[in-house]
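**Q** Chain order of the listed sequences is A and B.
Every number in our numbering is 559 more than the matching position in the first sequence, counting from 1.
Every number in our numbering is 540 more than the matching position in the second sequence, counting from 1.
Errors might be hidden in some of the hints.
Restricting the straight-line Cα-Cα distance to at most 25 Å, the calculated cross-link-like pairs of lysine-lysine (BS3-like) are [unchecked claim]:
#  : chain 1 : residue 1 : chain 2 : residue 2
1  : A       : 590       : A       : 760
2  : A       : 760       : A       : 596
3  : B       : 682       : A       : 590
4  : A       : 762       : A       : 596
5  : B       : 833       : A       : 762
6  : B       : 673       : A       : 590
7  : B       : 607       : A       : 760
8  : A       : 590       : A       : 762
9  : A       : 596       : B       : 555
10 : B       : 610       : B       : 555
11 : B       : 802       : B       : 833
12 : B       : 607       : B       : 555
13 : A       : 760       : B       : 673
14 : B       : 804       : B       : 833
Derived CB-CB ranges, DEER-like [said to hold, decoys possible]:
#  : chain 1 : residue 1 : chain 2 : residue 2 : range
15 : A       : 835       : B       : 550       : 33 to 41 Å
16 : A       : 597       : B       : 752       : 29 to 37 Å
17 : A       : 845       : B       : 650       : 22 to 30 Å
18 : B       : 650       : A       : 625       : 46 to 54 Å
Note that these hints are calculated values from the structure, not bench results.
These numbers come from a predicted model, not from an experiment.
Cβ atoms here follow ideal geometry from the backbone N, Cα and C, with glycine treated the same way.
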Amino acid sequence: MAVYERNYGRYQGELTPSWSRFMILPRYAFKDVFDSKGFLIFLVLSCVLPFAGLILIYLHHNLAALKFMNLPLEQLQQALPINATFFRRGLDIQSWLCFLLALSVGPSLVAPDLRNNGLPLYLSRPFSRTEYVLGKMMVLIALMSFLTWIPGLLLFFFQAYLEGAGWLAANLRIGVALFVASWTWILVVSLVALAISAWVKWKPVARVSLLIVFFVLTGFARALNEALDTWWGYLFSLSTAMDNVRAFLFGTALDDSHMAQPVWSAWLTLAVGCALSLWLLSRRIRAYEVVR
Amino acid sequence: MSNQPVIELQGLEVKLGGRPILNGLNASLSGRCIGLLGPNGAGKTTLLHTLLGFYEPSGGTARIFGKDIKTEAREIRGLMGYMPESDAFIAGMTGVRFVRLMGEVSGLPSERALERAHESMFYVGLGEARYRKVETYSLGMKQLAKLAQALVHGPRLLFLDEPTNGLDPAARERMLRLVQDIRDTGEVHVILSSHLLRDVEECCDEVLVLKNGNIATYCNLEEERRANRKFLELETRGGDEASFAAAVEALGVEMAMDAKQKIKLVLPEGVEVRDLYRLAAERQVQIRRLDYKKDSLQDIFLKAMETEVAGHGRV
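Please construct the entire structure, taking both the sequences and the accompanying hints into account.
**A** Here is the structure:
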């Protein structure tokens, strides 16, 4: 079907492996996402904290630099020790940056396809609903990974490299916690963001909905706990559940002990949140809706 | 291409929201361009969507190029191109990028998808507008962009759902010419769903008429055209019409009578028009009008719409 011939011809060349096709969606989405200067600035600013962590770890192991900056090592080690709390707090901050990222990118992932009847075009091809959701999720997963576990593990291995194998063996839990906690948060936030994008077509409303799920529900949970003198309210709060899971994984105490809840209940909240989001997606991601 | 049926419907039943939409359809279609005709709500689009795998059959099954839609849906979708009825595009993309994305999702490597996207856009006549955002296209251009995305991966079977919807006469002509051109390449089978008889008559060689989720009739237009079969249409008044009809039938004439005293006849060898006049005179029946006619698609369609569908028709 060459341009000069202007006639129809079947394609009989090679096809790409079907397992890899879901990666086409993030490739196209990234072009749109990175076209925004505001997003690029946000992404660069998100790297500030990991970079500061990198410098801090370096200073902990470079007496000459400390001397040059007139900083005593003991004082630095007391003020900012490189331990599980250091990594957990870093991940806490990066996780909230992830949330901002989901707030910015999430609402425009599925809604435009639904608004313009794009789904039948995808699903009439050898491309399943699961691949569609996975492809859209990969946009958030890739960007959030860049903010969480990738820099986190880089810092962790940098610290291990400077401290030696003994530190790595003694603190392996930190590495595992960085990875597991990051992925848990990434999955929860991206699934909730996608589900909201699938049900709420208008971007500002989708953003407000995301804020409600992560903030207003937490406020509601706290009010419920205060009123009934219980912790059950936190079953409604994804962000509190994630704080508890993160503290458990790193083996550290919560910054605010009032937010403590049993770890099983925190995992349950996150699992229910993911399951509910998947159910909402499965109801909405269809070529055509059946009107009953 | 082999003579394997393009589509075989084997007792295909579909229920949506608990309501039966398709009632055990049986058919074997092998035309180059197959028309799906029927009034609104007849089940044309549901049939297309079921063949595309959007809806699960509640009973029976269907085969496309011998592949079962229930068990080989993915392979089938790789062979098909689909142009939906409603407005459908991916927002924020230029025409060529949109078509390229659709090509890649169908399995084309990125560079080949880009190449074919350009070619498809030129083929449908959107070459000059291919770098414009799809949402800025006019309705006619959007229809053409939908056709381009359905063609980009070079399917063996093309589903066109009301392709001329909302088009002005010139754009409609252009769309029909494209469909005929695609059909005439001999490389692709086309399923054209429409409620516009002229569109189907101009493009299709086989027609399946649906009514209330049943097959009302099947017609091989190509054979009809080849046979060039003429029939007589009589309009009668007075006398013993029932006896006249029986006498005519006794001559071996193939006939159909409607409520408006119109009789359609196909005369066999040896029976002539004067025999009809003689039988009419004997029974005091007046022949008010007598015309030679050819069955148009409109006649076939109207006849099918008047007839109650008994059971599950098989074609």
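**Q** Now, for every hint given, state plainly whether the structure supports it.
**A** Going through the hints against the structure:
| no. | hint | in the structure |
| --- | --- | --- |
| 1 | 590(A) / 760(A) | 22 Å, holds |
| 2 | 760(A) / 596(A) | 24 Å, holds |
| 3 | 682(B) / 590(A) | 23 Å, holds |
| 4 | 762(A) / 596(A) | 19 Å, holds |
| 5 | 833(B) / 762(A) | 61 Å, violated |
| 6 | 673(B) / 590(A) | 15 Å, holds |
| 7 | 607(B) / 760(A) | 37 Å, violated |
| 8 | 590(A) / 762(A) | 19 Å, holds |
| 9 | 596(A) / 555(B) | 49 Å, violated |
| 10 | 610(B) / 555(B) | 15 Å, holds |
| 11 | 802(B) / 833(B) | 13 Å, holds |
| 12 | 607(B) / 555(B) | 22 Å, holds |
| 13 | 760(A) / 673(B) | 20 Å, holds |
| 14 | 804(B) / 833(B) | 9 Å, holds |
| 15 | 835(A) / 550(B): 33 to 41 Å | 39 Å, holds |
| 16 | 597(A) / 752(B): 29 to 37 Å | 55 Å, violated |
| 17 | 845(A) / 650(B): 22 to 30 Å | 28 Å, holds |
| 18 | 650(B) / 625(A): 46 to 54 Å | 51 Å, holds |
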